[in-house]
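Asks: Take a look at the letters that make up each chain.
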Amino acid sequence: MHVRWKRLSLVAVAACCLAVVATSFASAAPTSGAFATATQLEVYGFGPGDEIANTRADLATAAVGGNVDNPRGGFNDQQFLASLASGDVPDVVYLDRAKVAEYAAKGAFQPLTQCVTGQKIDLKQYQASTLKEITYKGKLYGIPEFTNPRTVIVDNHVVADAGLKVSDLSTKNWGRLAFANRKMLQTSGGKVTRIGFDPKLPEFFPLWVKANGADILSKNGLKAQLNTKKAVAALTFAYSLIRAHGGWGPFKSFRDTWDFFGAGNQVAKDQIGAWPMESFYYSTLAQNSPNVSITAMPFLNRKGGAIDYISGNAWAIPKGAKNPDLACTWMKTMTSTAAWVKAAKVRFDAQKLKNRPFTGIYTANVVADRKVYEDVYQKMGNPQFDNAVSLLVNQRKYGFTIPASPAGAEFQQAWMDAVNRVLAGSQTPKQALDQAQKEAQTAIDKAAK
Amino acid sequence: MASIAPTAQKPGPLTRARFWASGFKERDTWVAYGFLLPWFIGFTVFIAGPMIASLVLSFTDYSVIQATNWVGTQNYHDLIHDPKVSKAMMNSLVFTLMSVPLEIVTALVLALVLLRVGRMAGFFRTIFYLPKMTPPVAVAILYLLLFNGSVGIVNRVLGWVGITGPFWTTDPTWVKPGLVLMSSWAVGGTMVIYLAALRGVPQHLYEAAAMDGAGAWRRFRDVTLPMISPALFFTFIILTIAGLTEFTKAYTAFFGAGTKTNETEAALFYAVYLFRQSFEFFHFGYASSLAWLLFVVILVITFIQVRVSKRFVFYQGER
Chain A
0 MHVRWKRLSL VAVAACCLAV VATSFASAAP TSGAFATATQ LEVYGFGPGD
50 EIANTRADLA TAAVGGNVDN PRGGFNDQQF LASLASGDVP DVVYLDRAKV
100 AEYAAKGAFQ PLTQCVTGQK IDLKQYQAST LKEITYKGKL YGIPEFTNPR
150 TVIVDNHVVA DAGLKVSDLS TKNWGRLAFA NRKMLQTSGG KVTRIGFDPK
200 LPEFFPLWVK ANGADILSKN GLKAQLNTKK AVAALTFAYS LIRAHGGWGP
250 FKSFRDTWDF FGAGNQVAKD QIGAWPMESF YYSTLAQNSP NVSITAMPFL
300 NRKGGAIDYI SGNAWAIPKG AKNPDLACTW MKTMTSTAAW VKAAKVRFDA
350 QKLKNRPFTG IYTANVVADR KVYEDVYQKM GNPQFDNAVS LLVNQRKYGF
400 TIPASPAGAE FQQAWMDAVN RVLAGSQTPK QALDQAQKEA QTAIDKAAK
Chain B
0 MASIAPTAQK PGPLTRARFW ASGFKERDTW VAYGFLLPWF IGFTVFIAGP
50 MIASLVLSFT DYSVIQATNW VGTQNYHDLI HDPKVSKAMM NSLVFTLMSV
100 PLEIVTALVL ALVLLRVGRM AGFFRTIFYL PKMTPPVAVA ILYLLLFNGS
150 VGIVNRVLGW VGITGPFWTT DPTWVKPGLV LMSSWAVGGT MVIYLAALRG
200 VPQHLYEAAA MDGAGAWRRF RDVTLPMISP ALFFTFIILT IAGLTEFTKA
250 YTAFFGAGTK TNETEAALFY AVYLFRQSFE FFHFGYASSL AWLLFVVILV
300 ITFIQVRVSK RFVFYQGER
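Protein sequence lines, in the order shown, are assigned to chains A and B.
0 is the number of the first residue of the first sequence in numbering that gives the first Met the number 0; add one for each residue after it.
0 is the number of the first residue of the second sequence in numbering that gives the first Met the number 0; add one for each residue after it.
Bear in mind the hints are in silico, worked out from the structure with no lab data behind them.
Treat the hints with care, since some could be wrong.
To be verified - Derived lysine-lysine pairs resembling BS3-like cross-links, with alpha carbons at most 30 Å apart:
no. : chain 1 : residue 1 : chain 2 : residue 2
1   : A       : Lys341    : A       : Lys119
2   : A       : Lys229    : A       : Lys353
3   : A       : Lys445    : B       : Lys259
4   : A       : Lys445    : B       : Lys83
5   : B       : Lys131    : A       : Lys222
6   : A       : Lys302    : A       : Lys171
7   : A       : Lys119    : A       : Lys429
8   : A       : Lys448    : B       : Lys83
9   : B       : Lys86     : A       : Lys437
10  : A       : Lys218    : A       : Lys138
11  : B       : Lys86     : A       : Lys429
12  : B       : Lys259    : A       : Lys268
13  : A       : Lys131    : B       : Lys131
14  : A       : Lys318    : A       : Lys136
15  : B       : Lys131    : A       : Lys445
16  : A       : Lys218    : A       : Lys105
17  : A       : Lys351    : A       : Lys138
18  : A       : Lys218    : B       : Lys83
19  : A       : Lys190    : B       : Lys131
20  : A       : Lys429    : B       : Lys259
21  : A       : Lys199    : A       : Lys228
22  : B       : Lys24     : B       : Lys131
23  : A       : Lys228    : B       : Lys86
24  : A       : Lys218    : A       : Lys302
25  : A       : Lys171    : B       : Lys24
26  : B       : Lys259    : A       : Lys182
27  : B       : Lys83     : A       : Lys199
28  : B       : Lys131    : A       : Lys228
29  : A       : Lys105    : B       : Lys83
30  : A       : Lys437    : B       : Lys131
31  : B       : Lys86     : A       : Lys448
32  : B       : Lys83     : A       : Lys353
33  : B       : Lys131    : A       : Lys199
34  : A       : Lys396    : B       : Lys259
35  : B       : Lys24     : A       : Lys222
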């Protein structure tokens, strides 16, 4: 073989190896943002959003010195795991509160003890139940952001059409509610044309169990309580509301046809009598169909007391974050009363310019919410929406959350699967929840080891 | 005439290795390996490396976040006793059993039709191929719209002929058939392969068969099918593997973000369960063992297919 060819081949081999090595280094290298100054704060999972997000982000950016990398996009487990594996973690992340304890249990987040004491963050301003959701083994791992309080929205036209009173739809009396459901629902040729009362299964299953006087998880998050008599009874009843429509198939396929965020939504078209729903939907209704006739009611337990299942996001600092102090400042500022009030004002002005109503903001900061209601909010002149806002603000004290669990995702999946099996008709509530209990407890025990 | 029988013994491994090494005295060998090198590096880094890593991880409790511990065969023991593994595997097998024959038959019929279209063949070929270019995520969304039990087009069409359509997306019995039907949306890729194979069938074989009195069906059965059998076999293998690893459509329609109310165990395919175990529950070690089980299942099925195919597949030029 000619020497020239040997050399050429060797050069080709060397070039290929170099290319592979260079590519590996390039992919492992930090993004362009990281080449900037060392004090740049890396935010993950938040990204630019609406005026509520952007106004607070501007304040927080100023508070940390103006050098912030806040890429677009929400929290993604895959992406975050990749950053953990590479050791190049962001300084502060924004994620579902239900996920915080699981990451904390695995050691991915740092406790905020030092952050809270060092920066004198007043924890009393936050709704206690939201803090419980992100407290694991006695240590706080996040700062709560929004809440999504749930109330019952009633379509007054449908109620009147069925010859009922709004009080018939109280979740206190299940017998009367079942009767009202049957009176309001309409079917034609095996298809549903109007839903009576939508129990919002599977996602509101914890709310129905709470209404029946039980919890699906122990306070310390280590004992699943999915197959208690009260939980089984709650699922049995909630499912019976759907079965009255002919089953999950006709019920769900009809619900899937709704123009949920449009002017022709299910309330505007009188396609539903009542259902429990997150607070944001009042804003949707007020903007898209302000002339609908609704009543906002609290979700009552069987003793008649109001209950409010809340959930939302939180800020947390990953272990290995380069700038934990700046991250702490960011979280503190983002969730401060001043930031929420300023953001609410901006939202109020923006809505006013578009001639749209402002239905308040519902955050984990109870002081801010009260201040927004008193200083920023103005009645719309539509008593139905005004009453809804008043209800949302005043029922804060009844809020409850699912306790922090080291196997949060698997626990949630276990009960979701159970409810879905019941909806699909493949298991009875008792069978489904017995299976879920076993799955959930096994997952918790493994995670808590 | 005396036959020339091979009298020399088969060369041993050492002789073969020497013969292989002697090749490096030739310039062409170096050049050939030089050209092969990029593929070899790519294969090592992106396929063989991760596969070996995955095999090692399947014997650990790797979770990305926490310290990794060696757990021996515990993950494999767990997957044998995990009822959702058998459920997910059965879902994938049933989906594959339904989708592969449907796609092969549909694609073959379309290819046969296109073969006779003549001048407009190019136009129709493009039209039939276009759905293949639709992202699977979009196909999943379309599936939810088209197969809605109340207002979906599929049930409307069935209604025109007096059939009351099922609740495709919520009834566990009909979830998989619905997904199978939706999968035939992208039949264009297979159709193009068959079309090329059909065009390669020598015309004189048809003429000879016709002269022997063979009718259309006989010509199709005894000339067309054997001549395109390598293409049929190739797609059979590829579609079987695709069916067993089906993920995107099922995940998007039933398990993705904002679809909590859509979830149904009837659509919990093996790849979906594997994804959940890894990226939702962080059990990467367990997910690796699931991946290896799937690999073995596919390997066994493919092996059986290859063995059985020897009786049915005809390769031109083969003795």
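Asks: For the pair we were handed, A:Lys131 and B:Lys131, check the Cα-Cα distance against 30 Å.
Replies: With a Cα-Cα distance of about 49 Å, the restraint between A:Lys131 and B:Lys131 is violated, given a limit of 30 Å.
Asks: Is A:Lys396 close enough to B:Lys259, meaning Cα to Cα at most 30 Å?
Replies: Given that 30 Å is the threshold and the Cα spacing comes to 28 Å, the pair holds.
Asks: Under the criterion that the straight-line Cα-Cα distance not exceed 30 Å, is the pair A:Lys351, A:Lys138 satisfied?
Replies: violated, 42 Å
Asks: Has the given pair, A:Lys119 with A:Lys429, been kept, meaning a C-alpha gap of at most 30 Å?
Replies: Answer violated: A:Lys119 to A:Lys429 is near 48 Å, above 30 Å.
Asks: Starting from B:Lys83, check that the Cα of A:Lys353 is at most 30 Å away, please.
Replies: violated, 51 Å
Asks: Starting from A:Lys228, check that the Cα of B:Lys86 is at most 30 Å away, please.
Replies: holds, 28 Å
Asks: Taking 30 Å as the top limit, are the C-alpha atoms of B:Lys131 and A:Lys199 close enough?
Replies: With a Cα-Cα distance of about 37 Å, the restraint between B:Lys131 and A:Lys199 is violated, given a limit of 30 Å.
Asks: Under the criterion that the straight-line Cα-Cα distance not exceed 30 Å, is the pair A:Lys318, A:Lys136 satisfied?
Replies: Status holds; Cα separation ~17 Å.
Asks: With the threshold set at 30 Å, check whether the alpha-carbon distance from B:Lys131 to A:Lys228 stays at or below it.
Replies: With a Cα-Cα distance of about 51 Å, the restraint between B:Lys131 and A:Lys228 is violated, given a limit of 30 Å.
Asks: Between A:Lys105 and B:Lys83, does the CA-CA distance stay at or below 30 Å?
Replies: holds, 25 Å
Asks: When you check the alpha-carbon spacing of A:Lys199 and A:Lys228, does it fall within 30 Å?
Replies: holds, 21 Å
Asks: Decide if the proposed pair is consistent with the structure: A:Lys171 and B:Lys24, CA atoms, cutoff 30 Å inclusive.
Replies: violated, 90 Å
When each numbered hint is compared with the structure, violations occur for hints 2, 5, 7, 13, 15, 17, 19, 22, 25, 28, 30, 32, 33, 35.
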